[in-house]
Structure formats: C-alpha cells, structure tokens
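Q: Using the sequences and the hints, build the whole thing.
Number of protein chains: 2
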Amino acid sequence: MRILAENLIDHLDKTVNIEGWLHKKRLLGGLTFINLRDRSGLVQVLVESKKEVEKLRGLQIGTVLSITGKVIKDDRAPGGIEVHDANIDVLMAVEDVPPIEIDKPLDHKSENLDTLFENRVIGLRNIQESAIFKIRSDINRFIREFLWDQDFIEIQTPKLLAEATEGGAEVFKLDYFGQEATLAQSPQFYKQMMVGVFERVFEIAPAFRAEPSATTRHVSEVTMLDIEMGFIKNHDDVLNLVQDMLYEVVTKIQQKYSKTFKSMNIQPTIITKEFPRFKVAEIHRLFTEATGKDTTNEKDLMPEEEKWICDYAKNKYGSEAVFATSFPASAMKFYHAIDPEDPDTVLWADLLFRGLEIATCPVRENHYEKLLLQMKKAGLNTDHPGYKYYLQAFKYGLPMHGGCGFGIDRLVQKLMSLNNIREAILFPRDINRLTP
Amino acid sequence: MRILAENLIDHLDKTVNIEGWLHKKRLLGGLTFINLRDRSGLVQVLVESKKEVEKLRGLQIGTVLSITGKVIKDDRAPGGIEVHDANIDVLMAVEDVPPIEIDKPLDHKSENLDTLFENRVIGLRNIQESAIFKIRSDINRFIREFLWDQDFIEIQTPKLLAEATEGGAEVFKLDYFGQEATLAQSPQFYKQMMVGVFERVFEIAPAFRAEPSATTRHVSEVTMLDIEMGFIKNHDDVLNLVQDMLYEVVTKIQQKYSKTFKSMNIQPTIITKEFPRFKVAEIHRLFTEATGKDTTNEKDLMPEEEKWICDYAKNKYGSEAVFATSFPASAMKFYHAIDPEDPDTVLWADLLFRGLEIATCPVRENHYEKLLLQMKKAGLNTDHPGYKYYLQAFKYGLPMHGGCGFGIDRLVQKLMSLNNIREAILFPRDINRLTP
Chain E
1 MRILAENLID
11 HLDKTVNIEG
21 WLHKKRLLGG
31 LTFINLRDRS
41 GLVQVLVESK
51 KEVEKLRGLQ
61 IGTVLSITGK
71 VIKDDRAPGG
81 IEVHDANIDV
91 LMAVEDVPPI
101 EIDKPLDHKS
111 ENLDTLFENR
121 VIGLRNIQES
131 AIFKIRSDIN
141 RFIREFLWDQ
151 DFIEIQTPKL
161 LAEATEGGAE
171 VFKLDYFGQE
181 ATLAQSPQFY
191 KQMMVGVFER
201 VFEIAPAFRA
211 EPSATTRHVS
221 EVTMLDIEMG
231 FIKNHDDVLN
241 LVQDMLYEVV
251 TKIQQKYSKT
261 FKSMNIQPTI
271 ITKEFPRFKV
281 AEIHRLFTEA
291 TGKDTTNEKD
301 LMPEEEKWIC
311 DYAKNKYGSE
321 AVFATSFPAS
331 AMKFYHAIDP
341 EDPDTVLWAD
351 LLFRGLEIAT
361 CPVRENHYEK
371 LLLQMKKAGL
381 NTDHPGYKYY
391 LQAFKYGLPM
401 HGGCGFGIDR
411 LVQKLMSLNN
421 IREAILFPRD
431 INRLTP
Chain R
1001 MRILAENLID
1011 HLDKTVNIEG
1021 WLHKKRLLGG
1031 LTFINLRDRS
1041 GLVQVLVESK
1051 KEVEKLRGLQ
1061 IGTVLSITGK
1071 VIKDDRAPGG
1081 IEVHDANIDV
1091 LMAVEDVPPI
1101 EIDKPLDHKS
1111 ENLDTLFENR
1121 VIGLRNIQES
1131 AIFKIRSDIN
1141 RFIREFLWDQ
1151 DFIEIQTPKL
1161 LAEATEGGAE
1171 VFKLDYFGQE
1181 ATLAQSPQFY
1191 KQMMVGVFER
1201 VFEIAPAFRA
1211 EPSATTRHVS
1221 EVTMLDIEMG
1231 FIKNHDDVLN
1241 LVQDMLYEVV
1251 TKIQQKYSKT
1261 FKSMNIQPTI
1271 ITKEFPRFKV
1281 AEIHRLFTEA
1291 TGKDTTNEKD
1301 LMPEEEKWIC
1311 DYAKNKYGSE
1321 AVFATSFPAS
1331 AMKFYHAIDP
1341 EDPDTVLWAD
1351 LLFRGLEIAT
1361 CPVRENHYEK
1371 LLLQMKKAGL
1381 NTDHPGYKYY
1391 LQAFKYGLPM
1401 HGGCGFGIDR
1411 LVQKLMSLNN
1421 IREAILFPRD
1431 INRLTP
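Order-wise, the sequence lines are chains E and R. Going by the working numbering, the first sequence opens with residue 1, and the numbers climb by one from there. Going by the working numbering, the second sequence opens with residue 1001, and the numbers climb by one from there.
Read the hints as simulated data drawn from the structure, not as lab findings. Heads up, a few of these hints could be off.
[Unchecked claim] From chain R, some residues computed to sit far from chain E (all C-beta separations above 12 angstroms):
1. ASP1075
2. GLY1080
3. LEU1160
4. GLU1180
5. GLU1211
6. ASP1236
7. THR1272
8. LYS1293
9. THR1296
10. GLU1298
11. LYS1333
12. LEU1356
[As the list claims (entries may be wrong)] Restraint ranges, calculated between C-beta atoms of paired labels, are given here:
13. R/THR1216 to E/LYS377: 40 to 48 angstroms
14. R/VAL1053 to E/LYS377: 35 to 43 angstroms
15. R/LEU1028 to E/ALA169: 52 to 60 angstroms
16. R/PRO1078 to E/HIS218: 50 to 58 angstroms
17. R/SER1417 to E/GLU180: 32 to 40 angstroms
18. R/ARG1285 to E/GLU180: 44 to 52 angstroms
19. R/LYS1262 to E/HIS218: 47 to 55 angstroms
20. R/LYS1262 to E/LYS299: 54 to 62 angstroms
21. E/THR15 to R/LYS1262: 53 to 61 angstroms
22. R/GLU1274 to E/HIS218: 46 to 54 angstroms
23. E/LYS233 to R/ASP1013: 21 to 29 angstroms
24. E/GLU6 to R/ASP1013: 54 to 62 angstroms
Cβ atoms here follow ideal geometry from the backbone N, Cα and C, with glycine treated the same way.
A: And the structure:
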C-alpha cells in the first residue's frame, strides 16, 4: 500500500511504498539524494545501491516513480524523515528537461507574471505555488461549512442571460442560437428572487466582466461568493454574518496552514471577532486629518483610503478587516435600501481586508413600489423585459433582505499576501490572456 | 426570537414569534386558518380574534407576516402542530393576486413545462418544487464531503477559453476584446493537467453546450461534477470511487428526505454497495436475446438499452445503478486508454442510473508518445495551440489517472423521478429559453 509523504512519520523503521514525481536530484558528500513529491508534500530519499543510482542517471525531473524503502528518523532531513535503501521503479518516464525549475520559489515580480502564467501547468508543481490553491480549496470549503451551519442552501444560477440590464459596456455578448445572450456579471437578481423561496441562499461560481483595464485587481473571469439572507432586522444582521464567516475562515486557514505560512514568509492576518465599523464620511475625515489630502467631497472611498483605514484599524484595534458603512445615497444603485434614519446614506457597507475591498454588503430595497420609484429615479425603464422576473419576486412578497458579493480571488490574494489578483487564480483571464 | 416552523414542536404551549409568507387562507367550520410558509416548511395558524380575522381580509398570498401565538399540539393539523391566539403583523404587503396557485403540486406535464418555467420565480415557492432544490443543494454538499474525505481538492478552472479543439459545432463563441473565445464545454483538459499538481481534483461548475436539440435530456447550460484521480492501479479504482460516492449520496439523501419522498410520491432508488458491471458487448447480447432487436453491431449503447439494462439489474441484482464497461475502441476519444488486455476495447465505462447515462468514467492515456499517436490517428493536429499546455502536462510526467464527468442535473432528475432534465434546474437554458 502506498504511503503519503506526510504520513511516513507513522511508519518509522518500516519498509514502505511511496509514489510521486522526481522533484530534485542531488549529490551530497558522495551520496545520492532525491526528493520525491506527492500530493501531501516532499520526502527525501537516500539512494544507496549502485544499481539504483545507475537507474537514476538520465531520469528527468517530473519522472513518475514508485519507490520502496525504509523509513528512517533523521533530523537533518526536511520533515525529520528520510527513506533509505531505496528501490526505484519508473512508472512514467520523462524524456525532456522541464521548461522551468520547480524546486525553488517561482518569480512573482510583476514584470515576470507573464512567464509565470505561460508555464503555469508545470509551475504549479512547485510546492509553494500549489499551496496557494490547496488553501483556496479550503477557503471555499470553510465558507460552505459555515453557511450550511447557518441553514443556507447553495443555488446554481444560470450564467447565460438574455440582454443585460445594467453596465452594458462591461458585459460579454455571444450568439445564442441566433439571438444575443450575455454572460452573467453576478447572480444578484437570482439570489434576491430566491430569498422568496429559500430565505437564505448562497452561490460560489464564476462571474464574467469584460474589464478592459489591466490593473492588479481586475480580471475578466472571477469567482464570486454571493450570499443573500431574508428576514433580517437591520444592516448589522448582514454585517455580523459576513464578519463571523470571515473570522472563522481566516482563523481556520491560519491554524491549519501555520507551517505553510511560515515557510512562505507570509505574515498571518491580524483579525478580531468584531471588525471595526466606520462610516464613509468618518473615513474621509480621518484620512484627511491624517494625510492632509482632502477627500471629504468624494462619494466613494479612494483606493488609498481603503489601504489607510485598514492600517489605521490594524494599529488601533488589532484588525486588518474593516467595514466601511453608510455610503452616500448619491453613489447608490437602484436596488440599495436608503437608511431611514439618515436618508442621505444607504444601508451599504464595503468589507475592506488588508487594504482592499473584498466584499460589498448592502441591504436591498424590498418594497415593490419603492423599488419601482428608485429604478425610475435612476433613469431605468421598469418595463424592460430584463427586469420582469426580478420585479415579480417583489410584487408577490419579499421580506427585508441583504447579503454580499464577495470576491474569492481577492480574499485568497490578500490572505496569501499576493500582489496581483492573477496569482490567486489557477488560470487567470484578462484582456491579454486567454490561455493556458 | 423567531422560531422556524420545523422547530415549533420544541416550544409546545409557549407563545412564540414566527415569520414567513402567507401561503394559504381558508375558512373551516366558521374558523379562519392560515398556512404560514418559512424556509423550513409550513405551519397552520388559527386566527381567532375578530380584529385579527379582519386584518387578514384582503391580504394576498405572498404577504410577509410576523405572527405571535401559542404553540398547540393538534394531531389534526399537518405536522401535528398548530399556532393559536394569533397576533398578526404585516411585514410586507402584497397588492396583487399571484399569477399561479402555489399551495398544490405544480403541473409538470411536458406540454406545460413552458408555463412552469415562465412562472418559475413564484412557482418555486411551492413546497414540493423548492424541495427539489434543497435536495439538489444537499446532493452537491454530500458529494463534496465525500471527496474531501478522500483527499480531493476543489479546483476552479476557467470557463472562457481560446479556440475550441474538438466538437466545434456545439461550442458557444464570443468576442473577447477583439479575439474569438469559446465557453468551456468541460474542464477535462484542466483537471487532467492538475493531476500533475494535486493528484486528486474535482470541480462542480457550469458547462456550456450549444445543443441545437430540444430533447428531455439536453440543455445548453449544465452543472457538471468533474473528478480526476492520479496514481490509480486500474480502471476499478475509478469505478469504485464513483460507485462509493453515488451510494453514499443516494443513501444519505433518501434517509434525510424520506418524508419528502413519501409526500411527493417518489419511489426511492434501489441501490447496492456494489453496482453490477456489464461489458457493452454483453449488454448488446442480453438486450438482443431479450427483445429480439439486434444491437450487437452498435458501438455505443442505444437509449433503449440503457433503460433496459437498468431494469434488468434492478430485478436481478437489486440495483438501479449499473456500469457499462469496455466500450469498443472504435468509439473511443483520443484521450482514452486502450485496454491492454483487450485492445479492441477502451478503459471507459458509463454509469447508468435509473435508465439514463449520468456519468462517463474513463481511464486516460497518460503516456505522452502514445497520446500523440492516438491524436494523430484521430486526425488531430498535435501542433494546434489549443493542445499546447495540455500536452505539456504529459510530456513532463503524469501518472496513470482516470475520473469522471458526472451530470449533476441528470442525477437530480433521476433521483427525484423527474421526466425532463429542465425540471431539475432552477432556471434552465435551452434553444428556446434564455429567461427568467
């Protein structure tokens, strides 16, 4: 039976079978060592017999091997374990030298990202590179487990839509059996409609944005976590949900992967159970006071302010997660709910995480007539067929509800201290890249 | 604090708050009853005081209510519970009569499916309709939990691809910043490439097929479960994984939702821990013997044979899940592995479930040179840029691997005894339908 690298410690002094990829070969004081990589990590193997050393000659990195050998405790070896008396079988030979070296950290400098992605298929075989995506998988897992515990069900909404109703410029269009279809930028209408059915819904799925810009925070295919929750009493119900979820996910990830974070020199996120909450106007005021740059007339937060307030909250409250609340009504979208206690602002908060907005968390206007008014005020045609089904849900009764659109890629990026959102995506898509 | 309908039983003789939608109103022997719907189900409420009865007058179905009342055990009521002395607050009024009645089973006859989907947003508020999608959510959950336990990680692969390499006819094309892109029909190339990184990967995600046909089993946007597993020893390793997964999911669902299945008159699936396995040639032989229709010269299975063999296995072995194995090499795709012990057949099996193929479970050819030969034999241009990254993974070492493409929609359809795949999808997409 095959034993994984991470489980060898349980088989000390036993002869076992291990399988994986030839990750590294080296001569050390006349001895031949190889590193074998499997899904759990690396193990160092000492190859002693002449015959076996001979077999290794000419084998390229990436060769798939099956090895039997004895598990020895050796504190000098990485992981404290070594396999001795190795007998090697080649399961799949490799003839060519791989295009990149994968046994040392890959270059993530912005000017070299193109090379990184061009060699993605092989580059991901680097241990630190694949760690990003193991962690990404667990982030999605812990999010789902949190939401299931809170009685949310996962929905799967269509990505092929009829004509776009808003933001037409950034929508991908395609020919759908002779008519025009668009790719979903967000499942927002659907999740709101489904509040009327399931009360609490979420979806983790791709969303498509024809972003013509090539910034570090935009790609054309993102993974979004969309949550919507009915029968809330106030905006805090939404913020508390998102806060508790992020706190749990970050804590679990940093616990499970503490060694990985250390080996990758990643500073763990500093987070508290309660995230500081600042009104947008207050952030403008604090930022203006601190920097001398007057932002008090801005509607939205400037990227610089997002960074600044996260630093401020980290230093003052020990939290790199912050809610910016009470966005001005002048910046609102038609489906946002105006704050009844302060009608110049909307019940809309952004979740800022380590300097970046990673989620938008509004309460929706759930009153049919008010929603129609807000649409008209926004210059929208309420008779547009794209609104027909959406408006039905309100017409026939929706409770107060709110939720969030939460960028999974951005969360991975920030948690893993990556500079560019692309580094957090297996195969990123942008204006210049559609492969691999 | 709000109590859900399903939890009222724990609050007998207490006065509680319940919230939900007005689902039904009726007069019974001079008494006014309403059914309130929340995410957990229905509860019957007796409205006694004149003032409250008066309040109810004119309230439309769908009105969002908050009710306080006393929880009474009453075996005559559905669920054995009734709320008495109701005090009613309207949280959100509804002015119009909903377009369809949702307190009785909706019409799923094939000629009325268009009406069903046209009214989907409101129709899903029917308890039996929403049950399909609660179960669907749990099917996805149980699949993920099974695969996590087996050390699989979930990957998220791009849906926007460069030019299509196979099956060009059924691919959606779109303009991507001036170049042509296609929508992914399957993540197959990506999951195979990721075997070289993570060994065991899966993805549950949308896939897009420009299916011009309007059958009961084809839609243009499907949800696929894709699994790929490295370091297998033989085809049975793949089949056992899929078999164990399906057995666990079906068993857990039918246990958790036994009442729902009963109330919807759905016959539970009959399933065994080991699914019967028949070679394709054997199915042709058995079918021909039993029916007199000679299919022994067919490459693939006829839909009629898929149904027949499932019935046969159900009667003979007590299993409505069957593997059809050893497909003829003449029907193979270039990435399938030929059976070394019977080179006229491929290590490819279909999982048939209640008469329908719901998954394809092949072993892949993992030898680089052999794969190139198979591609050339299939008339493919191995220098096509669409194969470049895929072939890299093989060139630099992939272990023996196999997996499945598993139709989530088809599984839901068959498990819930639905006639048409569309009924298993929240908002189905086909040649004639792109809304809601």
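Q: Taking the hints in turn, state whether each one holds.
A: Okay, the hints, checked on the actual structure:
no.: 1; hint: ASP1075; in the structure: 28 angstroms, holds
no.: 2; hint: GLY1080; in the structure: 22 angstroms, holds
no.: 3; hint: LEU1160; in the structure: 5 angstroms, violated
no.: 4; hint: GLU1180; in the structure: 9 angstroms, violated
no.: 5; hint: GLU1211; in the structure: 9 angstroms, violated
no.: 6; hint: ASP1236; in the structure: 16 angstroms, holds
no.: 7; hint: THR1272; in the structure: 26 angstroms, holds
no.: 8; hint: LYS1293; in the structure: 34 angstroms, holds
no.: 9; hint: THR1296; in the structure: 37 angstroms, holds
no.: 10; hint: GLU1298; in the structure: 30 angstroms, holds
no.: 11; hint: LYS1333; in the structure: 20 angstroms, holds
no.: 12; hint: LEU1356; in the structure: 20 angstroms, holds
no.: 13; hint: R/THR1216 to E/LYS377: 40 to 48 angstroms; in the structure: 45 angstroms, holds
no.: 14; hint: R/VAL1053 to E/LYS377: 35 to 43 angstroms; in the structure: 39 angstroms, holds
no.: 15; hint: R/LEU1028 to E/ALA169: 52 to 60 angstroms; in the structure: 57 angstroms, holds
no.: 16; hint: R/PRO1078 to E/HIS218: 50 to 58 angstroms; in the structure: 52 angstroms, holds
no.: 17; hint: R/SER1417 to E/GLU180: 32 to 40 angstroms; in the structure: 36 angstroms, holds
no.: 18; hint: R/ARG1285 to E/GLU180: 44 to 52 angstroms; in the structure: 50 angstroms, holds
no.: 19; hint: R/LYS1262 to E/HIS218: 47 to 55 angstroms; in the structure: 51 angstroms, holds
no.: 20; hint: R/LYS1262 to E/LYS299: 54 to 62 angstroms; in the structure: 56 angstroms, holds
no.: 21; hint: E/THR15 to R/LYS1262: 53 to 61 angstroms; in the structure: 55 angstroms, holds
no.: 22; hint: R/GLU1274 to E/HIS218: 46 to 54 angstroms; in the structure: 50 angstroms, holds
no.: 23; hint: E/LYS233 to R/ASP1013: 21 to 29 angstroms; in the structure: 26 angstroms, holds
no.: 24; hint: E/GLU6 to R/ASP1013: 54 to 62 angstroms; in the structure: 55 angstroms, holds
In summary, the structure is inconsistent with hints 3, 4 and 5 from the numbered list given earlier, while agreeing with the others.
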